[in-house]
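In order, the protein sequence lines correspond to chains A and B.
The numbering of the first sequence is UniProt numbering, which starts it at 1 and goes up by one.
The numbering of the second sequence is UniProt numbering, which starts it at 1 and goes up by one.
The hints are simulated quantities; they were obtained by calculation from the structure and are not laboratory data.
As the structure is a prediction and not an experimental result, all values here were calculated from the model.
Hints should not be assumed to be uniformly reliable.
So, partial list: chain A residues that the calculated Cβ filter (under 7 Å) puts toward chain B [said to hold, decoys possible]: (1) Asp648; (2) Val655; (3) Asn656; (4) Gln672; (5) Asp719; (6) Thr723; (7) Leu728.
Heads up, the beta-carbon is just placed ideally off N, CA and C, and yes, glycines get one too.
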Amino acid sequence: MTEQAIDSGERPAILARAQQKVLGAPLPRVEGPLKVTGAATYAFEQAPAGTAYAAVVGAPAGAGRVTAIDDAAALALPGVVAVIHDDPRIPAGEGNSRAMPAQGTDRIFHHGQPVAVVVAETQAAAREGASLVRVHADPAPGRFDMETQPVRRDHKLGFLPAIEIGDVDAAIAAAPVVFDEHYATPVHFPAALEPHASTVWFDGEVLTVRSSNQVIGGARETIAKAMGLPAERVRVLAPYVGGGFGGKTGVGPEVILAAIAAERLGRPVKVALPRRDTAYLVHHRSATVQQVRIGCDHDGVITAFEHTGTAAQNDDGGFLEPIPFGSLPLYGGANRRFRTDLVRLDLPATGAVRAPGEAIGTFAVECAMDELAERLGIDPIELRRRNEPDRDPTNGKPFSTRRLTDCYDEGARRFGWPDRVPAPGSVRDGEWLVGIGMAAALRGNFTVEASASVRLGADGRATVACDMTDIGTGTYTILAQTVAEVLGLDPAQVDVRLGDTDLPRSAGSGGSFGAGSAASAAVLACEDIVVELARRMNASPDELVLADGRASADGRDATLVELLRGEAIEAMGKSSPGAQAKKTSQASHGAHFAEVAVNAVTGEVRVRRMLGVFDVGRVLNRATAANQIVGGMVWGVSYALGEAAVVDTRSGRFVNPDFGEYHVAVNADVPQIECHFIEEIDDAANQAGAKGVGELGISGAGAAVVNAIYNATGIRVRDVPVTLDTLLDGLPPV
Amino acid sequence: MKTFDYARADSIADAVAAGGRFIAGGTNLLDLMKLQVETPDKLVDISRLDLNRIEERADGGLTIGALVPNSDLAADPRVIAKYEVLSRALLAGASGQLRNKATTGGNLLQRTRCYYFYDTAAGCNKRAPGSGCEAIGGFNRIHAILGTSDQCIATHPGDMPVAMRALDAVIVTQAPGGDKRRIAIGDFYRLPGDTPEVENVLQPGELITHVELPAPPAGRQLYRKVRDRASYAFALVSVAGVVAMEDGKIASAALAFGGLAHMPWRDPAVEAVLVGQAPSDAAFAAAADALLAGAKGFGTNDFKIPLARRVLTACLKELTR
Chain A
1 MTEQAIDSGE RPAILARAQQ KVLGAPLPRV EGPLKVTGAA TYAFEQAPAG TAYAAVVGAP
61 AGAGRVTAID DAAALALPGV VAVIHDDPRI PAGEGNSRAM PAQGTDRIFH HGQPVAVVVA
121 ETQAAAREGA SLVRVHADPA PGRFDMETQP VRRDHKLGFL PAIEIGDVDA AIAAAPVVFD
181 EHYATPVHFP AALEPHASTV WFDGEVLTVR SSNQVIGGAR ETIAKAMGLP AERVRVLAPY
241 VGGGFGGKTG VGPEVILAAI AAERLGRPVK VALPRRDTAY LVHHRSATVQ QVRIGCDHDG
301 VITAFEHTGT AAQNDDGGFL EPIPFGSLPL YGGANRRFRT DLVRLDLPAT GAVRAPGEAI
361 GTFAVECAMD ELAERLGIDP IELRRRNEPD RDPTNGKPFS TRRLTDCYDE GARRFGWPDR
421 VPAPGSVRDG EWLVGIGMAA ALRGNFTVEA SASVRLGADG RATVACDMTD IGTGTYTILA
481 QTVAEVLGLD PAQVDVRLGD TDLPRSAGSG GSFGAGSAAS AAVLACEDIV VELARRMNAS
541 PDELVLADGR ASADGRDATL VELLRGEAIE AMGKSSPGAQ AKKTSQASHG AHFAEVAVNA
601 VTGEVRVRRM LGVFDVGRVL NRATAANQIV GGMVWGVSYA LGEAAVVDTR SGRFVNPDFG
661 EYHVAVNADV PQIECHFIEE IDDAANQAGA KGVGELGISG AGAAVVNAIY NATGIRVRDV
721 PVTLDTLLDG LPPV
Chain B
1 MKTFDYARAD SIADAVAAGG RFIAGGTNLL DLMKLQVETP DKLVDISRLD LNRIEERADG
61 GLTIGALVPN SDLAADPRVI AKYEVLSRAL LAGASGQLRN KATTGGNLLQ RTRCYYFYDT
121 AAGCNKRAPG SGCEAIGGFN RIHAILGTSD QCIATHPGDM PVAMRALDAV IVTQAPGGDK
181 RRIAIGDFYR LPGDTPEVEN VLQPGELITH VELPAPPAGR QLYRKVRDRA SYAFALVSVA
241 GVVAMEDGKI ASAALAFGGL AHMPWRDPAV EAVLVGQAPS DAAFAAAADA LLAGAKGFGT
301 NDFKIPLARR VLTACLKELT R
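Chain A with its partners taken away, still in its complex shape:
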């Protein structure tokens, strides 16, 4: 067992010396063939014998109390086995290991809040039965409109406290140039394609939950807490997850309802949320209103930087969108203010969705920098360069690694930024107005405690195992590469086992910390194996070279199979956050560039090309990393141009909770996207040297598109999405 906190910031010797040259290679997904042949089974795809099906019944009002539940008609429906609404463990919403929702309450926190579950022999009967349950409520006036509700500054929500450095107001009063604008972003749904689904059964005493979940170690604790079971009696399985986007980081109420049903009926129970139900039973990203105030001199050097905003949460939820989080280390300025205010609403819980904080915070700040650059008559990249800090301007710590200006330079060169015509509305291509824009990307780097086991079998094949998930991100592949690199194997000789809480606990997929944390644990697990192999070679670990299934040292050479002598070697590794996280400021960085065309007649926007250059520390796999970044850039196109969940402020219901009218980008909206990396291994981040990737791509991406729209049209939209009606008034006559 090698346990190591990230204290020294030194690269593990076995990784520094590794010579297999497979880590970082663009290896195709190792589980790809299973997925394309349907052999990879997801949470809803297996039905143990005797499985029953569950459907959730929601509250019919946005606020008030449930007074009675009439289940007679549902129970009379052929196929319905039970209607459960009297169990005190029924949760009012989604839970995670840190915060449980209210349970067994008659209070309504939001429309659609789970109040009962119908269990039937078929999914069709369960869902029809759910529609027959009559829920009587004593409704109360609801708070559904963020604009009309009081804004609270004195709250304890969220992980990011308000920050005040220097005297922002005085610095702005004294500044020769003052910028002050408001921006707004709407509610975003996580919108994973795979339904939120679970199959739940008791395996003896053990409640087994096969679930579409990003962080199963936490899910296990949450389920145990909600069900009143010790954690040892809960096992969570998630070998394959079809996208999460933050929406599967907690435990949905449907999981607990299915577990209650399985316990009461003594049968396996399956549940999958219909798409529209996900709007009410899965958290969303809060709408935000943001303000950016900047004071600077005529050369653009910032003296005061303020980024504040307001986000919503309901009375039961404990999360708050950390709006300015990405702004903390981004630009200099001695006087600084960052704060997220709270509005309480009677809506489903808000939570972590695709780069909480940065995705929408960088939209505001990166548009603000574009606007400020134009007012000053300075190139937007040059303005950023003049405010590039040499250490974190908010906490004063040195950066672990920061290649942001290199990303600007490389991106500008590759994209052809110098050819940009700064005057907006200058470039026309037939009926289209053409413009280009850029934005910085920044996403804070996190490392989470993670363990992994590695077994080098007598046949020379290795197995790495942990409870990490692969939510389409490439975990299977990068762990195979990591172990292959250190043990000198072909990645095809490494088996990867994930998604089972019986395996060593890992980080889970969230906060972009999964790959770096899990890979670090795998490296550490290999240390004991390398030491043992060296001992058998009568060599010191420092002189042992492992490559292509062979070990060599000091002129001696042997195959691993020979060294193993018919017996496997097993080892565990554990990586945990240490001094480096306290000593250094850590983030992934990047620069986005976009070219858009805006139809001069209709205001329709088409993104013509995008390019980004990114600094993510060590790239574990250039293909899967680029895949995640490009996916994030697509989400940037999405929230710039279409994504917006609309709340009907009369009822507290969502207007457009389906993919027909909740407009994510479709293939035709997505242009050629290029992703490049500037690779500098970040040994302070974790043992693998890898900073977060998954959420970096969305950060700033939407701002680049919106800035390009401004360059094309001269119309500045500060309230996304930029639908055609927001541009119509400013377009030239037909």
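We have chain A already, so just place chain B on it with the hints.
Okay, now just chain B, sitting in the frame of chain A:
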């Protein structure tokens, strides 16, 4: 979904006698059934009927079987060559997979995408007559600006029917007794009025068997669809236009509009303003004035009025170029 009976029809006579909701491609009906927006007791599957051919008639027109898939109709060489507006409208709709399943008859009957029609917890006079209209006073970005009533402001979401309206298509039906009708598309749809649940003149059990296109029209044709993303979105405004020029003047014009009303919209006054005129900004402005004289926005859809004006103007410039 509510439990339902299912019957498969082997003949048109069987189908109309079966007594149930017809289903062919099911691309709209099944979605609505899963949400319990539609709750038919019985489905009659007509997908095996012999109604999937496109045939030329002696008068030069085409007779299109009601089961011809959107994809096939859009790709038919005769349609591409002579009814370009129809082919383009079809390809502007839905996605490749949906067009493979969606049929000509079913597409005429596609139901509105009004958000509140889809939300069974909302008041909607179309879904539940008498329950009110939450789109009025609510979020109505995609809603109608022409021909609305205080009971309903929903739009017809289709593209194909807009082109067919410009082409003066005729809808051929067969009733349960065996009677056949030929209904001009201009007489087929209804405005919402006090009965928004009644969307067309079909009688219970009456089956669309064919659509007839008259002989190809003279002049240029176009279909322009304006929407919120590049594909897989319904029209905010669409224009199906057929304009013929003679001696520098507009000899004939057929202009139909999607996204503006409860039906594919066509207003003879718009065409009357144009015919006999030389193309000019003034003539186009007069046409837009005629189209939008009675237009009424409901808040979030107010932008459709200037948008429709701009799109019509651009289309007329293109058609008279």
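Next on the checklist: For a quick check of understanding: which of the numbered hints are violated here, in increasing order?
Outcome noted: Violated hints: 4, 5; rest satisfied.
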